[in-house]
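> Given only the sequences and the hints, what does the whole structure look like? Please build it.
Number of protein chains: 2
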Amino acid sequence: MNLKEVKGVTFIDGGVCASKGFRANGIHCGLAHKPLTDTEENSAVANNALPSAKKKNDLALIVADKECTAVAVYTTNKVKGAPILVTKEHIKNGKAKAVIVNSVNANTCNADGVEKAEKMCRLVADELGIDENDVIVASTGVIGQVLPIEPIENGISELAEGLTYDGNARAVEAIMTTDTQVKEVAVQFEAGGKICTIGGMLKGSGMIHPNMATTLTFITTDADISAELLQLALNDIVKITLNRVSVDGDTSTNDMVCILANGTAENKSIASENQDFENFENALYAVMVNLARKMARDGEGATKLIECICHGADTEKTAETVAKSVITSSLFKTAMFGEDANWGRILCAVGYAEADFDINKVCVYIRSEKGSIHVCENGAGVDFSEEKAKEILKEEEIIIDISVGDGAGSAVAWGCDLTYDYVKINGDYRS
Amino acid sequence: MNLKEVKGVTFIDGGVCASKGFRANGIHCGLAHKPLTDTEENSAVANNALPSAKKKNDLALIVADKECTAVAVYTTNKVKGAPILVTKEHIKNGKAKAVIVNSVNANTCNADGVEKAEKMCRLVADELGIDENDVIVASTGVIGQVLPIEPIENGISELAEGLTYDGNARAVEAIMTTDTQVKEVAVQFEAGGKICTIGGMLKGSGMIHPNMATTLTFITTDADISAELLQLALNDIVKITLNRVSVDGDTSTNDMVCILANGTAENKSIASENQDFENFENALYAVMVNLARKMARDGEGATKLIECICHGADTEKTAETVAKSVITSSLFKTAMFGEDANWGRILCAVGYAEADFDINKVCVYIRSEKGSIHVCENGAGVDFSEEKAKEILKEEEIIIDISVGDGAGSAVAWGCDLTYDYVKINGDYRS
Numbered sequence: 001m002n003l004k005e006v007k008g009v010t011f012i013d014g015g016v017c018a019s020k021g022f023r024a025n026g027i028h029c030g031l032a033h034k035p036l037t038d039t040e041e042n043s044a045v046a047n048n049a050l051p052s053a054k055k056k057n058d059l060a061l062i063v064a065d066k067e068c069t070a071v072a073v074y075t076t077n078k079v080k081g082a083p084i085l086v087t088k089e090h091i092k093n094g095k096a097k098a099v100i101v102n103s104v105n106a107n108t109c110n111a112d113g114v115e116k117a118e119k120m121c122r123l124v125a126d127e128l129g130i131d132e133n134d135v136i137v138a139s140t141g142v143i144g145q146v147l148p149i150e151p152i153e154n155g156i157s158e159l160a161e162g163l164t165y166d167g168n169a170r171a172v173e174a175i176m177t178t179d180t181q182v183k184e185v186a187v188q189f190e191a192g193g194k195i196c197t198i199g200g201m202l203k204g205s206g207m208i209h210p211n212m213a214t215t216l217t218f219i220t221t222d223a224d225i226s227a228e229l230l231q232l233a234l235n236d237i238v239k240i241t242l243n244r245v246s247v248d249g250d251t252s253t254n255d256m257v258c259i260l261a262n263g264t265a266e267n268k269s270i271a272s273e274n275q276d277f278e279n280f281e282n283a284l285y286a287v288m289v290n291l292a293r294k295m296a297r298d299g300e301g302a303t304k305l306i307e308c309i310c311h312g313a314d315t316e317k318t319a320e321t322v323a324k325s326v327i328t329s330s331l332f333k334t335a336m337f338g339e340d341a342n343w344g345r346i347l348c349a350v351g352y353a354e355a356d357f358d359i360n361k362v363c364v365y366i367r368s369e370k371g372s373i374h375v376c377e378n379g380a381g382v383d384f385s386e387e388k389a390k391e392i393l394k395e396e397e398i399i400i401d402i403s404v405g406d407g408a409g410s411a412v413a414w415g416c417d418l419t420y421d422y423v424k425i426n427g428d429y430r431s
Numbered sequence: 432m433n434l435k436e437v438k439g440v441t442f443i444d445g446g447v448c449a450s451k452g453f454r455a456n457g458i459h460c461g462l463a464h465k466p467l468t469d470t471e472e473n474s475a476v477a478n479n480a481l482p483s484a485k486k487k488n489d490l491a492l493i494v495a496d497k498e499c500t501a502v503a504v505y506t507t508n509k510v511k512g513a514p515i516l517v518t519k520e521h522i523k524n525g526k527a528k529a530v531i532v533n534s535v536n537a538n539t540c541n542a543d544g545v546e547k548a549e550k551m552c553r554l555v556a557d558e559l560g561i562d563e564n565d566v567i568v569a570s571t572g573v574i575g576q577v578l579p580i581e582p583i584e585n586g587i588s589e590l591a592e593g594l595t596y597d598g599n600a601r602a603v604e605a606i607m608t609t610d611t612q613v614k615e616v617a618v619q620f621e622a623g624g625k626i627c628t629i630g631g632m633l634k635g636s637g638m639i640h641p642n643m644a645t646t647l648t649f650i651t652t653d654a655d656i657s658a659e660l661l662q663l664a665l666n667d668i669v670k671i672t673l674n675r676v677s678v679d680g681d682t683s684t685n686d687m688v689c690i691l692a693n694g695t696a697e698n699k700s701i702a703s704e705n706q707d708f709e710n711f712e713n714a715l716y717a718v719m720v721n722l723a724r725k726m727a728r729d730g731e732g733a734t735k736l737i738e739c740i741c742h743g744a745d746t747e748k749t750a751e752t753v754a755k756s757v758i759t760s761s762l763f764k765t766a767m768f769g770e771d772a773n774w775g776r777i778l779c780a781v782g783y784a785e786a787d788f789d790i791n792k793v794c795v796y797i798r799s800e801k802g803s804i805h806v807c808e809n810g811a812g813v814d815f816s817e818e819k820a821k822e823i824l825k826e827e828e829i830i831i832d833i834s835v836g837d838g839a840g841s842a843v844a845w846g847c848d849l850t851y852d853y854v855k856i857n858g859d860y861r862s
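Just so you know, the protein sequences line up as chains U and E, in that order.
Under the numbering used here, the first residue of the first sequence is numbered 1, with each subsequent residue one higher.
Under the numbering used here, the first residue of the second sequence is numbered 432, with each subsequent residue one higher.
Incorrect hints may appear among the rest.
Claimed, not checked - Some but not every residue of chain E turned toward chain U, in silico, with C-beta under 8 Å:
1) Asn541
2) Val573
3) Cys779
4) Thr850
Hints listed in this document are in silico derivations from the structure and should not be mistaken for laboratory results.
Note that CB positions come from ideal geometry on N, CA and C, so glycine has one too.
Following this line, the structure appears as structure tokens:
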């Protein structure tokens with residue numbers, strides 16, 4: 001898929017290791033509770049998701065050379081995975097040095113979850129000779145099954161010994177669950193006359209242990225920035241990127257985005273909302289908007305990325321509500337799968353969005369790289385070529401462009417189509 | 432499927448014609464824009480949905496012998512079908528005598544929609560010699576296509592001439608779209624020493640023109656009741672029946688429930704919130720809760736009716752929010768299709784419900800006619816027999832029983848599973 005271009009940044013390779021001073025690794029420690037079928041394995045290999053095939057990595061570690069400023073944003077679900085509770089406690093001082101993540105088991109809704117999450121931090125701390133309070137922990141996978149700690153205990157030395165400054169590919173593989181595609185983005189930008197880097201990896205949605213819609217995102221930067229502004233930037237950018245994606249409307253119990261800043265770029269520390277901060281936010285946006293788009297495109301069973309742009313609203317909030325209403329509509333999503341320019345469903349979803357605008361001013365265009373069709377003007381249908389519509393909708397990236405009036409508020413949201421494979425992935429588990 | 436029993440009422444046959452003094456008819460006037468395939472036809476015949484097979488009825492008429500008290504509740508979608516605007520105007524005096532309904536075309540988002548809806552009323556008025564303001568009009572089907580009025584114009588005489596006091600089956604067929612099952616319920620109850628009747632028919636969700644999730648419900652009663660109390664009863668009962676059903680989360684542009692009361696039962700007119708009014712509400716509940724359950728069971732592509740009961744909440748609103756959160760979760764719905772006791776997904780959906788309760792007090796049971804399993808206690812998993820779970824989940828009606836504390840608030844919501852057929856029905860249209 002195409003990266004969304006953002007002015008002022010340069011895309012580079014390397015994911016979480018793109019930022020100077022971060023090592024990473026990922027290993028297969030044996031948490032998998034169901035071996036891949038041949039079909040799954042072939043499909044994963046074909047999608048470049050499983051370089052080491054049969055034994056998918058399931059345990060990742062990211063370590064900074066020096067102590068980092070660290071902040072995070074967590075799920076709003078009342079059910080919170082045990083790792084989230086432990087991580088919150090560990091980074092309340094705004095500092096961290098390492099991140100350990102396992103896939104396969106979410107370590108959520110278990111009586112001993114917190115104990116096991118703390119144990120994971122202690123294993124890292126002992127192995128690296130750091131403080132366990134400097135370790136961030138995250139888990140993703142099946143909810144409500146006791147986490148076996150032995151595979152992690154047995155694998156921790158191998159995991160630490162294999163850390164390298166280009167280990168991002170091994171790490172990102174280890175956090176994947178039902179994902180079919182690797183999701184990494186890194187950019188360079190300028191702050192205070194220095195070249196800084198932000199790199200990130202994300203997991204969300206796919207095929208191997210279909211029991212969650214969990215999103216985990218880990219971001220590193222070598223920029224020097226205060227904890228307060230790092231948190232502000234993360235809050236700002238999450239709001240307009242990850243929080244505007246929906247695959248199936250289910251908010252996970254283990255969602256977490258964390259960012260570690262180690263200051264290795266030696267820029268003048270960003271401590272106020274100045275131009276450098278703006279550059280930083282812009283670069284963070286470039287990383288996160290592209291991770292968000294990759295996540296939507298790789299939504300469970302998806303064949304298409306859907307981008308819904310709403311503009312002309314009185315407020316950004318109204319535009320966001322309308323755009324999200326469209327990309328979460330099951331009827332709209334199935335129409336996209338069927339490559340059907342069924343704009344009545346778009347208008348229906350616009351109509352039930354809980355926001356303030358005049359439905360008689362709504363205009364809708366459907367676009368892709370193959371062109372654009374105008375399907376609705378002032379709330380009523382417009383004649384269009386069904387042939388042209390078919391051609392446009394065959395593409396992998398579809399844009400729904402909705403104008404709701406003359407206001408200055410606009411917003412973009414990302415989703416995917418609803419397909420047979422979504423039902424298969426989520427209906428067949430354990431059967 | 433089993434009817435939900437309600438004390439104080441007796442179920443009878445006859446749908447909208449069960450109430451004394453109401454005639455009905457349904458004909459095929461030729462609005463269908465896509466003939467049924469053989470498979471669709473066979474399936475519809477097998478499901479008892481199409482007594483006349485090939486040419487499904489598409490135009491229905493209900494006529495009362497004398498003027499009725501009439502009230503309605505409409506969609507909250509900002510996009511409102513033209514028939515809704517016309518009906519609102521016609522029954523603002525609380526009176527009506529006839530209802531005309533077409534399927535296939537929703538007459539929504541068309542420049543001439545209101546004109547066509549008014550024309551439909553005028554055709555009925557001229558044919559029956561009544562005032563056109565006494566006619567209720569409704570349409571359901573594809574949004575945004577101009578309604579051809581000729582087939583209706585040509586069919587109106589046949590429609591009126593065929594009216595009979597047992598014509599409910601022909602009428603209910605005419606309002607079906609993607610429905611695979613007929614949905615009619617009628618009950619008798621006592622008010623003021625007289626036997627009164629309430630009968631209703633509903634359409635919602637299925638297989639023929641998959642372009643809407645529209646619900647239309649028409650209810651008749653021979654009870655004598657004031658317009659004010661009729662509206663109060665309808666509002667009360669819609670809130671706890673139809674408004675607690677979700678098939679796919681999409682609120683239609685043409686939703687309407689209307690009720691006509693002709694007073695033929697000669698009960699002392701119900702004009703205050705007395706015991707008779709309570710009996711009336713109870714009977715209306717019996718009709719509407721069973722129509723709601725039938726709609727959920729016949730949700731597009733559904734194989735199961737899911738009933739989610741939440742209790743122990745501080746308020747009824749909290750219980751409703753939790754129950755609806757569970758039955759609308761795509762991940763939960765696919766698990767039900769897969770007959771998988773994946774309670775983590777139930778807890779996840781409980782957790783993101785925007786309501787106030789202590790997640791650590793949540794207990795969950797999964798039940799059916801085959802028994803009950805306890806899967807979650809105080810927010811954490813409980814060991815259960817997977818074999819027993821399989822047996823329970825094989826049934827067609829599944830109950831999810833969720834306790835969230837010690838409060839007195841409880842609510843029930845109805846939904847269905849999410850299946851390959853839902854995607855097929857809604858993805859394949861026009862392709």
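> Hint by hint, note whether the structure agrees.
Consistency of the hints with the structure:
1. Asn541: With a minimum Cβ separation of about 7 Å from chain U (threshold 8 Å), the hint on E:Asn541 holds.
2. Val573: Hint holds; E:Val573 Cβ to chain U Cβ min 7 Å, cut 8 Å.
3. Cys779: 5 Å, holds
4. Thr850: E:Thr850 check passes; min Cβ-Cβ to chain U is 6 Å, inside 8 Å.
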